[in-house]
Amino acid sequence: MIRKTVNSKLFKHYLRDPSAVIGSIICLFMLAAAVFAPLIAPQNPYDLKSLSYRNCLKPPIWVKDGQAPFLLGTDEHGRGIFSTILYGLRVSLAVGFGVVILAGTIGSIIGLLAGFHRGWFGIVSMRLADTLFSFSTTLLAILILGITEKKGILTVILAITLADWVRYARITRGNVLSVAEEDYVLAAKSVGASDIRIIFRHILPNVISSIVIISAVDLAIVIMLEATLSFLGVGVPLTEPSLGMLIAQGREYLYAGKWWLIIFPGATLGTIVVGINLFADWLREELNPKLN
Amino acid sequence: MFAYIIRRVIQGIGVALLVSFLCFFLFQYVGDPVLTMVGKNATPKQMEEVRKLLGLDKPYYIQYLVFVKNALHGDFGKSYTNDLPVFTLIIERAPATIELATFAMFIATVFGISLGVIVSLNRASVLSRFVMAGSLLGISLPTFLIGLLLILVFSVILQALPVFGRGDVTQIGFWRTGLLTFNGIKHLILPAFTLGMYEMALIVRLTRAEVSEVLEEDYIRTAWAKGLPSRIVIFKHALRNSLIPVVTMIGLGLGELIAFATITETIFQWPGMCRLFLSSIYGNDYPVIVAYIVLMAFVILFINLTVDVFYTVLNPKIQYD
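Residue numbers (this note's numbering), protein chains in the order written: chain A, 1 to 292; chain B, 1 to 321.
Keep in mind that the hints were calculated from the coordinates and are not lab data.
All values reported here derive from a predicted model rather than from experimental measurement.
Glycine included, each C-beta is placed from N, C-alpha and C at the ideal position.
Treat the hints with care, since some could be wrong.
Short derived list, chain A residues pointing at chain B, Cβ under 10 Å [to be verified]:
1) F121
2) R127
3) T138
4) A141
5) I144
6) G250
Which stretches of chain B does chain A cover? Using the computed rule of at least three CB atoms under 8 Å from a CB of chain A, they are [stated by the list, open to error]:
7) 139-153
8) 248-261
9) 293-303
Straight-line C-alpha distance at most 27 Å; calculated DSSO-like pairs for lysine-lysine [unchecked claim]:
10) A:K258 - B:K186
11) A:K189 - A:K64
12) B:K317 - B:K236
13) B:K52 - B:K78
14) B:K58 - A:K150
15) B:K58 - B:K69
Bound-form chain A, shown alone:
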């Protein structure tokens, strides 16, 4: 199977596109850093025993007054920025993948059904999707999270999903509409295949590539959205800070010239989104034959 992958056309195209390779390496690198954070981080920033006020607000190690082992400096509680970034990355990626999986599944299924079954379900769900879509995803997420009280990572995932599923539903439905009239679907119908079988065996394989493309773009959007929500203080709880919240905390020290508190978490956030976008650009060109 590995040999089959390596020899496939898709993989060869992938190797020929340097930005796709760079993008995917960045993504894999960040993913590994997040998964193995407890092993890589020199301290557990949320273990109070490892903190000391003597280490407060130290600059990065290469600047005067920098101090080992705090490679990228420390924050106001003496937590190493390198460690908080690793742990923050976990939260950011968990929310990102959580929303993409949940919203992607729900949205795609609704889109498939709405495109296939054009009765009341199709009309009601698409009216709802159009309505939500013409409003802003960000504003809706701020609203939902802003007035919900008990918050954890799961609440954040659910709230963003509630605002985000329409992206998948609308595009999937559009693609289903154009596929549903094809001869092979009519043929399957005429030999008496069940609706479920037609949807999953004959329609889904023909619309899956656009779902993959939207998922990649959406992952970047959701990671930024979560950062924004946490920056505004309506996102993840203080006990599980994501990259966005680290930046929010660093903002208080910006005017005091403590730049490392926002530059490093910000650079991490930017790098990972750039990586995803580079890979998503390649996917779009490769999987969407219309563009070639």
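Please arrange chain B on chain A, whose structure you already have, making use of the hints.
Only chain B this time, still in chain A's reference frame:
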């Protein structure tokens, strides 16, 4: 066309009804605004009275229906925190937001389209690569981060531009403008660039893709072959035919622009209505939240309609039935 506009307006009213219903539905699960209003020394009886006075003792769907009835009479209620009519509160702050958003959109459109055209004409040049790398960063950095970086560079390090509020403003009728003083315009620069940056990066990328595609068309080759000046080929033949998707995206992006204005106004302490919305969310100020959301639904509807009408100007073949 007329029937189309009517249909869209009905849809817009649907959006407003739906999102305001969502608000009331969510409010029942939230912190008690009465508690924050009366303070902790109030007796339970006093709290009951306040609750009754505000109509908060009724089930959420009744509260919602009462809201709709009053809103139809132009009454959006009073703010819980300072007892002023919500409508006045929002309208007072609207000019600040409108000036910021317009200026940001202007920056995004003008710079975005011109850079996009320049890049598509000369794809391999150093400038093009630089612009494309910049646009990748522009769509990959969230608005709040762009704002903080601009503050760090232009205010903390270079100490060149102010970052708090609107500066000197002039009152003209009900409109308080910051555009008439040098100081006011200086205050507008960083927030406007912050807000416009994401949209600008999107426009650069889309314009480049569209113009590059159109430049391959036969009619462009014909235009060159006829010996038309490049100004006419590029702007009249190529750009005009690539603008429709760009306009669509600008229209869709305006909704998000309003959401991002919330972030920009917070970072720069811009006294606009989006910041009012955020502080009312922190303070459980229900009437302000609902009124703002309903207003935004109509603003977004109005923007979308304008874009639709603009399409027919760009491409007379488009007709709405």
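Checked hints:
1. At its closest, the beta carbon of A:F121 sits 18 Å from a beta carbon of chain B; the interface hint therefore is violated under the 10 Å criterion.
2. The closest approach between the C-beta of A:R127 and any C-beta of chain B is roughly 8 Å, which is under the 10 Å cut-off, so the hint is satisfied.
3. Look at A:T138: its Cβ gets to within about 4 Å of chain B, closer than 10 Å, so that hint holds up.
4. Look at A:A141: its Cβ gets to within about 9 Å of chain B, closer than 10 Å, so that hint holds up.
5. Here the hint on A:I144 is kept, as its CB sits about 7 Å from the closest CB of chain B, short of 10 Å.
6. A least Cβ separation of about 8 Å between A:G250 and chain B falls short of the 10 Å threshold, and the interface hint therefore holds.
7. With a threshold of 8 Å between beta carbons, the proposed coverage of the stretch 139-153 of chain B by chain A holds, since 11 of its residues qualify and at least three are required.
8. Look at the stretch 248-261 of chain B against chain A: 5 of its residues bring a Cβ nearer than 8 Å to a Cβ of that chain, three or more, so the hint holds.
9. Residues of the stretch 293-303 of chain B lying with their CB closer than 8 Å to a CB of chain A number 5, which satisfies the three-residue condition for coverage.
10. Between A:K258 and B:K186 the CA atoms are separated by roughly 25 Å; this keeps the pair inside 27 Å, and the hint holds.
11. Between the alpha carbons of A:K189 and A:K64 the distance comes to roughly 74 Å, so the proposed pair goes past 27 Å and is violated.
12. About 17 Å separates the Cα atoms of B:K317 and B:K236, which keeps this hinted pair within 27 Å; it holds.
13. The straight-line distance between the Cα atoms of B:K52 and B:K78 is roughly 15 Å, inside the 27 Å bound, and the hint therefore holds.
14. A distance of roughly 23 Å separates the Cα atoms of B:K58 and A:K150; the hinted pair therefore holds under the 27 Å criterion.
15. For a cut-off of 27 Å, the pair hint linking B:K58 to B:K69 stands: about 15 Å separates their Cα positions.
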